[in-house]
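Position chain B relative to chain A; hints supplied.
2 protein chains.
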Amino acid sequence: MNIILLSGGSGTRLWPLSNDARSKQFLKLLPTNEQDVKESMIQRVVRQLKEAGIDAPLTVATGAGQHDSVTAQLGEEADVVVEPMRRDTFPAICLACEYLSKVKGCPDDEVVVVMPCDPFTEDGYFKAIKRMGTGVTDNAADLIVMGITPTYPSAKYGYILPSHDMTTGGIVRIERFVEKPSVADAEKLIDAGALWNGGVFAFRLGFVREIGRKYVDAATYEETVRKFDQYPKISFDYEVAEKAKSVGMVRFTGTWKDLGTWNTLTDELETKEYGNVVTDGTSENTHVFNELGLPLLCLGTKDLVIAASPDGILVSEKRKSENIKQLAEKLKRRPMYEERRWGTYVVIDFVEFDDGFSALTKRLTLNPGCAISYQRHTHRDEIWTFIDGDGEIVIDGERQAIGRGDTVVIKKGQMHTLRANSLLTFIEVQTGHQLVEEDIERFPYDWE
Amino acid sequence: MNIILLSGGSGTRLWPLSNDARSKQFLKLLPTNEQDVKESMIQRVVRQLKEAGIDAPLTVATGAGQHDSVTAQLGEEADVVVEPMRRDTFPAICLACEYLSKVKGCPDDEVVVVMPCDPFTEDGYFKAIKRMGTGVTDNAADLIVMGITPTYPSAKYGYILPSHDMTTGGIVRIERFVEKPSVADAEKLIDAGALWNGGVFAFRLGFVREIGRKYVDAATYEETVRKFDQYPKISFDYEVAEKAKSVGMVRFTGTWKDLGTWNTLTDELETKEYGNVVTDGTSENTHVFNELGLPLLCLGTKDLVIAASPDGILVSEKRKSENIKQLAEKLKRRPMYEERRWGTYVVIDFVEFDDGFSALTKRLTLNPGCAISYQRHTHRDEIWTFIDGDGEIVIDGERQAIGRGDTVVIKKGQMHTLRANSLLTFIEVQTGHQLVEEDIERFPYDWE
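As they're listed, the protein sequences go chains A and B.
In the working numbering, each number is its position in the first sequence, counted from 1, plus 39.
In the working numbering, each number is its position in the second sequence, counted from 1, plus 39.
Certain hints may be false.
No distinction is drawn between identical chains; accordingly, a pair holds when it is met within one copy or between any pair of copies.
Said to hold, decoys possible - Subject to a maximum C-alpha distance of 20 Å in a straight line, what follows is the list of computed DMTMM-like cross-link-like pairs (lysine to aspartate or glutamate):
no.	residue 1	residue 2
1	LYS77	ASP162
2	LYS341	GLU323
3	LYS369	ASP319
4	LYS143	ASP94
5	LYS364	ASP319
6	LYS359	GLU323
7	LYS341	ASP319
8	LYS284	GLU218
9	LYS143	GLU368
10	LYS450	GLU467
11	LYS341	GLU361
If you are wondering where the hints come from, they were derived from the structure by calculation, not from laboratory data.
This structure is a prediction, so every number in the text was calculated from the model and none was measured.
Bound conformation, chain A alone (with noise of 0.2 Å):
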């Protein structure tokens, strides 16, 4: 068995901790059995999935934003498949198939679970999984689907109704497929038996290989790739799960959350501060989430979840932070902060003069071992001056040792790398008058 899991999301209801590089599944936020030790979504997911002694390999499905998060939050225990663009679902299973097939050698017969990397659920939702798993090597159906017992009318959910039909292995064949209705539909749909789609596929790999070369027929992977456009901008509920003919239903009844709003996140927070918080103790219902190098100072507040990072800050009284969507948007700037494979960055201080001139401040850490590519810019000198660690820098071919106290100006057009023999930490000023992530051209280095 192959697990893939989707990782989405441009992460917007979650500002300013979310964005599109740190998509609300990495916020390191959940509370774990260890005190003071906190996990993100996919993070919690991933060791669920081994808790409930499901060791099939792991790859994740998602956009070139988010592989650096996903590699320096799960390491070696996921394969990443990167969408050269955001299409939809069906796409990315597609690409995450033909990649099982063609990279990873899987054979068409191979049995693959496809599930969101994010759901806030328990044990028996990973129990769901295997007994899905079982019944697709069993022949049960072509496509076997998780239907969770719903708790209340969402119209924010999609729904699937069974029959009354069983496979020979006890899994029930569905009758239809019902995308997000009114709540009044959702009433009516529950009232005759219906469970809400929890977007989590089993199939064995084939059977989606076929459905993809109708669109897509590529003899390699990185063909594949090249022709990700082709593929229709689709979900697998539409392309696939509803048009098959041969679909069954495994039923799951419990804890099962999109933590995907600061209202539904916050529920299940243990811990109110994260950061710098100070408070009066006289505060009620009071979420604060600090991220920026200054302290917050909390005083009798009430029903309120505070949020402050590189990107902004969030004031908001909890039931309205369900609104955030559309303001955030309009907020949206540069990533403040990332996680990348090679260490973090955080945006310390931007300003842009009245002829487009402007100069763009970084603290960087590289990890020990890690470099970056051997690049240059256009459009922007950069000045690094070292404050911890060491390394080495290599400028225009030639390489030196640097560390603590040096200060190192890169002109626009010189190729420049950097690697860290320990933790580097380093303040990089960048100035010019298009300072874009884009302004970049990689180059191989052989550091050996």
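What follows is chain B alone, placed relative to chain A:
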């Protein structure tokens, strides 16, 4: 007539907008007649003095930490007397009186009015000041104080109990002063006709100088400054007002407030959002002040004051904001933002490593024609990257032009100064083991 404005206060009650260098009287938040133009409390008082037709020379008595703020906000409109250390109002007023006598050459029969620099008050207050000055000129009493008609039995103010005697000039004599009574006693005092003591005093220069000479008898102003610590640490009320034999009072009835807490200050502010603030329009009675470069999003809050500055972030229920003082004292760090005589700086980042080595990053703006002192540091390097404007730099005697895109490294021990031709903005990275403002030696430099 001469006016002495007392400018004190360490400013933690309006944290994080106020700090040791920027006390509440310097916050430019108050509405003016011009739209979008705001003024500070001290600017408002100086404007009101002028509008009331009081054109007496102004002298501000303050501590070294506020010298640059006073100069930046009042410019040529006031002289500044800098107390070598903060003691109390009696020493501060003695020093200012010696300054008027020895530096400005005022005769001992000069009429002087001492007043706080930041009452939030109205025209009648300044009319009362004029009557106090006239009273002293007419020799109605040695000391004339302002009595303010109380609006409630406050335990925070001193009280003045007038007698039934009148001087020839129609100034009422006073019976006694009562320092901060209990609320119950305040009620009784008010019933007996007592008024609030507004801390406004009028007298002839020689009257106070004679009392001061009991402690410090100096030939020059410089000698007075040197012997400043020989003045007792006592208030002017205790040392002068309560002991004076001939004291008169002028009554003022009208608006008179200390906008010293967020709750009282925000009551007077028409504008509810300052800086980069976005709201969904559903907040009630919420004031938001954002001095950071980040956007601040506020959704559905009620009765809050929210303030963000480089010193920290406050989110407080308005009435609870009275409790800020103690907590803000704990949060006190080096000032993260300062208005100086040469321009402004903001600290954008600070990191300290386990071994005590630190990096402090600032963005500085130097006003055209202004220069910093010729200086050197023993414990820190400074790396300057110029991002806008142009000027001249001197390092170890060597002078050169600098401007946008230039980076200069100043090693510990190197003498350096900088002058702006146009508005000059630069990023400074300080690195070293002791990053304190006190690590500085200043030398003369002749730019001509």
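Results for each hint:
Proximity of LYS77 and ASP162 under a CA criterion of 20 Å is satisfied intra-copy only: 19 Å inside one chain copy versus 59 Å between copies. For the homomeric pair LYS341 and GLU323, the shortest alpha-carbon distances inside one copy (5 Å) and between copies (14 Å) are both at most 20 Å. Within a single copy, LYS369 and ASP319 get their C-alpha atoms only as close as 34 Å, which misses the 20 Å cut-off; across copies the closest is 12 Å, which meets it. In the homo-oligomer, the alpha carbons of LYS143 and ASP94 lie at most 20 Å apart inside one protomer (16 Å), although the nearest pairing across protomers, at 87 Å, exceeds that limit.
For the homomeric pair LYS364 and ASP319, the shortest alpha-carbon distance between copies (11 Å) is at most 20 Å, but the shortest distance inside one copy (31 Å) is not. For the identical chains of this complex, LYS359 and GLU323 are neighbours both inside a copy (16 Å) and across copies (13 Å), given an alpha-carbon limit of 20 Å. For a Cα distance limit of 20 Å, the shortest separation of LYS341 from ASP319 qualifies both inside one copy, at 13 Å, and across copies, at 19 Å. When the C-alpha separation of LYS284 and GLU218 is checked against a cutoff of 20 Å, the pair qualifies only within one copy, where the shortest distance is 18 Å, while the shortest distance between copies is 90 Å.
Taking the shortest Cα distances, LYS143 and GLU368 never come within 20 Å of each other, neither inside one copy (38 Å) nor across copies (60 Å). For the homomeric pair LYS450 and GLU467, the shortest alpha-carbon distances inside one copy (13 Å) and between copies (18 Å) are both at most 20 Å. When the C-alpha separation of LYS341 and GLU361 is checked against a cutoff of 20 Å, the pair qualifies both within a copy, at 17 Å, and between copies, at 17 Å.
Hint violations for this structure: number 9 only, all remaining hints satisfied.
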